[in-house]
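**Student:** Chain residues, written in single-letter form:
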Amino acid sequence: MATIKELSLQEDRLTGGHRMCPGCGAPVIVRQVLMAVKEPVVIVSATGCLEVSTTIFPYSAWKVPFLHSAFENSAATMSGVEAAYTSLKKQGKIKDEIRFIAFGGDGGTYDIGFQSLSGAMERGHDMLYVCYDNQAYMNTSIQRSGATPRGASTTTEPAGKVKQGKVMTRKDLTECMVAHNIPYAAQSVCGDWRDLTKKVEKAMSIRGPKFINVLQPCQLGWGYPMDKTVELGKTAVDTCFWPLYEVENGKYTISYKPKDKKPLVDFLKPQSRFRHLFKPENAQLLSELQADVDKKWALLQKKAECFGA
Amino acid sequence: MAQDLGWKELPEGDTLKAGTAAQFHTGDWRSKKPVKDEKTCINCLFCYIYCPDSAVKVQDGKMIGIDYNYCKGCGICESVCPVKPVKAIKMVSER
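Chains A and B, in that order, give the protein sequences.
Per this note's numbering, the first sequence starts with residue 830, numbered consecutively.
Per this note's numbering, the second sequence starts with residue 1144, numbered consecutively.
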């Protein structure tokens, strides 16, 4: 595993001057992912904050080959690139070892790009798909997505007299990917560089389809001060709202077990999208959310016990 | 700030040259700027690894400064700085 000093020796593959919000977690994720890859790499990105802000015409912030075609097909586009590479390599026209990484936001992964992702994983292309999950359609001003957690207020499901934020629970995409029986699926966070770079390094050593779901705090959509991005990511892990784990050929490993599991309130309180939950009449909903997190954490620990080493 | 390009300079189709965003300076978004304390910095490089704008300059494993052309002043570098009791990076008002 590379230390932070070793990682810093490589030239940055994402330049400054891109137009992401100040304090955004997505470029942090991208930089850390690219730092962990030693080989030449080709990137595809789904439409989303990352794609529109890093490639505003006529500028591009990417120092690596970058391709974008549409919202729903980053995984399909990557499959094509990878298949062309495999063919050219077979013909002896390319000799280099090249790695393929597709990025997608939660909208382009959980909802709109789900079928192309599912197809690419099933066909077994040698690629890594990284989902930067900020839990709503942040690029188009915070509409609810399949990744939005229950109780979060969004512009299409705002908290008010009728509803208290999103009614349904979040889709568990990492588990969906585990169900595809791929060699490597993992969950990481923007706020633990060691965990993320380690997982990317591991994914790069495995041939076949790989998936990493990375939680990305969004200062604009979640409503917190912009310097708290890393801190909030860490709190999400410490409260077990977003456990860090990996599944290698069906074998579950929990990457980090918090010594003192913090109450979920620690994660919800700093965010304005959960502000309404702290009204006295929503106490019941708040305790249900905590119970849901506890249940999922217990289930994950059981899985690690049953399907662990 | 980079100048707007005329039609002769624009790339054909939508093919862009790699890394050209570096010509676009986002430093003027900033209302507070991070200032490094040379004496107390321990070169842990947390500011480098968590900077969203690739604005922390590192040479041979040492943090050598902040590129104010790109820094948007988010303050993540200050919040991740582990130096105690006074952080080695401080956010200072631009005015």
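Since the hints were made in silico from the structure, they are not lab data.
Honestly, I wouldn't trust all of these hints.
Among the chain B residues that face chain A by a calculated CB cut under 8 Å, a handful are [what the hints assert, rightly or not]: (1) 1149; (2) 1157; (3) 1161; (4) 1183; (5) 1184; (6) 1195; (7) 1213; (8) 1215; (9) 1217; (10) 1225; (11) 1227; (12) 1228; (13) 1229; (14) 1235.
If you anchor each label on the Cβ, the simulated ranges turn out as follows [as the list claims (entries may be wrong)]: (15) A:1036 with B:1160: 56 to 64 Å; (16) B:1181 with A:1117: 26 to 34 Å; (17) B:1229 with A:1086: 45 to 53 Å; (18) B:1161 with A:947: 29 to 37 Å; (19) B:1229 with A:1091: 40 to 48 Å; (20) A:1052 with B:1208: 28 to 36 Å; (21) A:1085 with B:1208: 31 to 39 Å.
Backbone N, C-alpha and C fix where the C-beta goes; we use that ideal spot for every residue, glycine too.
**Student:** A separate judgement is required for each hint: does it hold in the structure or not?
**Tutor:** Checked hints:
no., hint, in the structure
1, 1149, "violated, 11 Å"
2, 1157, "holds, 7 Å"
3, 1161, "holds, 5 Å"
4, 1183, "violated, 18 Å"
5, 1184, "violated, 14 Å"
6, 1195, "holds, 4 Å"
7, 1213, "holds, 3 Å"
8, 1215, "holds, 4 Å"
9, 1217, "holds, 3 Å"
10, 1225, "violated, 12 Å"
11, 1227, "violated, 16 Å"
12, 1228, "violated, 18 Å"
13, 1229, "violated, 17 Å"
14, 1235, "violated, 14 Å"
15, A:1036 with B:1160: 56 to 64 Å, "violated, 32 Å"
16, B:1181 with A:1117: 26 to 34 Å, "violated, 51 Å"
17, B:1229 with A:1086: 45 to 53 Å, "violated, 33 Å"
18, B:1161 with A:947: 29 to 37 Å, "holds, 31 Å"
19, B:1229 with A:1091: 40 to 48 Å, "violated, 27 Å"
20, A:1052 with B:1208: 28 to 36 Å, "holds, 32 Å"
21, A:1085 with B:1208: 31 to 39 Å, "holds, 33 Å"
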